[in-house]
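Read top to bottom, the protein sequences are chains A and B.
According to the numbering used here, the residues represented by the first sequence are 1 to 175, in order.
According to the numbering used here, the residues represented by the second sequence are 176 to 350, in order.
Each hint should be verified, as a subset may be incorrect.
[Stated by the list, open to error] Below are the EDC-like pairs computed for lysine to aspartate or glutamate, each with C-alpha atoms no more than 16 Å apart in a straight line: (1) 343/B / 39/A; (2) 5/A / 318/B; (3) 121/A / 298/B; (4) 168/A / 298/B.
No wet-lab data here; the hints were simulated from the structure.
The model shown is predicted, which means the values in this text are computed figures rather than measured ones.
Number of protein chains: 2
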Amino acid sequence: MIDLKALADLSYGLFIVSSYKDGKFNGLIANSVFQVTAEPPQLAVALNKESLTHEYIKSSGKFCVQPLKETAQMPFIGIFGFRKGKEFDKFSKVSYKVNTEGLAVVTENTLAALCVEVKQKIDLGTHTMFIGPITFAEVLCSDCKPLTYDYYQNTLKGKTPKGATTFKDYQGGVK
Amino acid sequence: MIDLKALADLSYGLFIVSSYKDGKFNGLIANSVFQVTAEPPQLAVALNKESLTHEYIKSSGKFCVQPLKETAQMPFIGIFGFRKGKEFDKFSKVSYKVNTEGLAVVTENTLAALCVEVKQKIDLGTHTMFIGPITFAEVLCSDCKPLTYDYYQNTLKGKTPKGATTFKDYQGGVK
């Protein structure tokens with residue numbers, strides 16, 4: 001029995017994942033982000049190979065993960081989530097600063113920034129998992145709630161684009 | 176700057192992860208579970224190398240992930256989360272069935288079962304990440320809410336044991 005509706009019961013946050021190449025920044029929205037060890041603190045993200053952010057991370061060997069605030073609105077999320085970085089300069093539309101790692105930290109609608117130096121790249125077929133230790137971590141709002149993937153789907157009625165780790169044909173009919 | 180309080184803004188679910196060896200079942204509680212590709216649907220989990228479940232997954236090459244219901248209570252969670260499988264038969268204390276993969280599916284306090292055949296083992300130092308396609312998926316409750324790690328920490332006041340991917344010395348003082 002393989003009833004993939006069971007996948008809807010996995011819980012996630014929602015994050016901007018960003019990197020740089022040739023003096024340009026780009027980012028996307030991902031849910032597949034997690035801490036994989038405590039000592040040292042390491043993060044893993046799984047990104048679609050066709051995304052520009054994937055190309056930038058392969059090039060720079062670095063990325064930042066930024067949990068979104070629960071109050072982030074769809075037009076903001078859409079800048080990172082529903083536009084193609086190859087066609088559109090996403091960072092021209094948002095406030096950000098450049099940190100000591102040379103990475104862009106979005107300073108609106110985000111709770112924190114956690115940046116990683118990639119030590120392992122795992123080929124997953126359509127996606128690559130990038131894993132490495134945290135080299136930069138900053139809290140941007142200490143009493144804000146993070147946006148969960150559940151809240152995004154069920155309260156904001158956000159969609160999951162094709163290419164996401166959690167894209168599903170049966171989407172919309174699940175819960 | 177490395178302010179690890181930023182790690183508290185990553186969102187997770189809470190899961191029983193289980194496997195078998197020599198006719199015995201064992202499982203533990205983990206939060207580091209996520210879907211990493213959609214086609215085919217693949218899951219990843221990161222488990223501490225010292226856990227018995229880690230040994231069982233290495234032996235069988237299979238595991239099941241079961242999201243907990245939000246209504247699961249601490250005594251039940253504690254069976255899997257705060258006892259050592261090497262000293263205690265956890266499955267003697269819960270209701271379960273054995274599925275077509277030969278894996279145990281806990282039938283109380285869980286929403287679903289998603290079982291995986293391991294195709295990749297990634298060495299992360301203290302932990303191993305096991306990744307593979309879903310070979311069995313069953314919804315056990317279609318209108319139940321999953322327990323999130325946030326709800327576990329902040330409403331149930333659950334602790335994170337040493338050995339977890341998200342264990343932190345500063346725990347309790349975060350949020």
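Against the structure, the hints:
1. 343/B / 39/A: Given that 16 Å is the threshold and the Cα spacing comes to 9 Å, the pair holds.
2. 5/A / 318/B: Judged against 16 Å, a Cα distance of about 12 Å means the pair holds.
3. 121/A / 298/B: holds (12 Å)
4. 168/A / 298/B: violated (30 Å)
When each numbered hint is compared with the structure, a violation occurs for hint 4 only.
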